[in-house]
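Enquirer: Numbers given in our numbering equal positions in the sequence shown, counted from 1, plus 310.
Simulated from the structure, these hints should not be mistaken for laboratory data. All C-beta atoms in this analysis are idealised placements derived from N, C-alpha and C, irrespective of residue type, glycine included. Some hints could be false.
What the hints assert, rightly or not - Derived pair list, reagent style DSS-like, types lysine-lysine, alpha-carbon separation capped at 30 Å: (1) Lys331 with Lys365; (2) Lys350 with Lys365; (3) Lys320 with Lys384; (4) Lys320 with Lys387; (5) Lys331 with Lys369; (6) Lys387 with Lys369; (7) Lys320 with Lys350.
Unchecked claim - Using C-beta positions, here's what the derived DEER-type ranges look like: (8) Glu391 with Lys331: 11 to 21 Å; (9) Ser383 with Gln333: 32 to 42 Å; (10) His388 with Thr316: 33 to 43 Å; (11) Arg358 with Ser383: 26 to 36 Å; (12) Phe348 with Asn378: 13 to 23 Å; (13) His388 with Gly334: 12 to 22 Å; (14) Gly334 with Lys387: 34 to 44 Å; (15) Trp349 with Met370: 18 to 28 Å.
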Amino acid sequence: MLMRSTGLGKTELLAEIIGLKRQGDYLIMEVHTISPVFWKIRSGLSRRDLWMLIKALLKMEVIGFLLNFPAWSKEPKHPGEF
Numbered sequence: 311m312l313m314r315s316t317g318l319g320k321t322e323l324l325a326e327i328i329g330l331k332r333q334g335d336y337l338i339m340e341v342h343t344i345s346p347v348f349w350k351i352r353s354g355l356s357r358r359d360l361w362m363l364i365k366a367l368l369k370m371e372v373i374g375f376l377l378n379f380p381a382w383s384k385e386p387k388h389p390g391e392f
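Produce the complete structure using the sequences and hints provided.
Expert: Written as structure tokens, this is what we have:
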């Protein structure tokens, strides 16, 4: 996963999702950045957040992306500025 933040300027973080667990009314997603710094980031996802994510995943553009099975085994190309 690539991450950017306005607070970090042009710095781009490489990260991976480590886990997802329920804690009360939230799902806690843990992400570890692995380059250029090593951070442990946790996000609390509410049902409203998850509903937004589900709606986004159901868009045709995203479904087409997910169903492109040959691309799953390839190294992704950098998306450019995002």
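Enquirer: Has the given pair, Lys350 with Lys365, been kept, meaning a C-alpha gap of at most 30 Å?
Expert: holds, 27 Å
Enquirer: Mind checking the hinted window 12 to 22 Å against the Cβ distance between His388 and Gly334?
Expert: violated, 37 Å
Enquirer: Holds or violated: the 34 to 44 Å window for the beta-carbon distance between Gly334 and Lys387?
Expert: holds, 39 Å
Enquirer: Does 13 to 23 Å hold as the CB distance between Phe348 and Asn378, or does it fail?
Expert: violated, 32 Å
Enquirer: Could one say that the CB atoms of Arg358 and Ser383 fall in the range 26 to 36 Å?
Expert: For Arg358 and Ser383 the Cβ distance comes to about 35 Å; the hint holds.
Enquirer: Is the Cα-Cα distance between Lys320 and Lys350 30 Å or less?
Expert: Measuring from Cα to Cα gives roughly 20 Å; hence the hint holds.
Enquirer: Given the hint of 32 to 42 Å, is the C-beta distance from Ser383 to Gln333 inside that range or not?
Expert: The hint (32 to 42 Å, Cβ to Cβ) holds, given that Ser383 and Gln333 are roughly 34 Å apart.
Enquirer: Against the 30 Å threshold, does the CA-CA distance of Lys331 and Lys369 hold or violate the hint?
Expert: holds, 26 Å
Enquirer: Measure nothing beyond the straight line between the CA atoms of Lys331 and Lys365; if it is 30 Å or shorter, mark the hint as holding.
Expert: With Cα atoms ~21 Å apart, Lys331 and Lys365 stay inside 30 Å; holds.
Enquirer: Could you tell me whether the CB distance from His388 to Thr316 stays inside 33 to 43 Å?
Expert: With a Cβ separation near 19 Å, His388 and Thr316 fall outside 33 to 43 Å, so the hint is violated.
Enquirer: Has the given pair, Lys320 with Lys384, been kept, meaning a C-alpha gap of at most 30 Å?
Expert: With Cα atoms ~26 Å apart, Lys320 and Lys384 stay inside 30 Å; holds.
Enquirer: Measuring from beta carbon to beta carbon, are Trp349 and Met370 in 18 to 28 Å?
Expert: With a Cβ separation near 35 Å, Trp349 and Met370 fall outside 18 to 28 Å, so the hint is violated.
Of the numbered hints given earlier, the model fails hints 8, 10, 12, 13, 15; all others are met.
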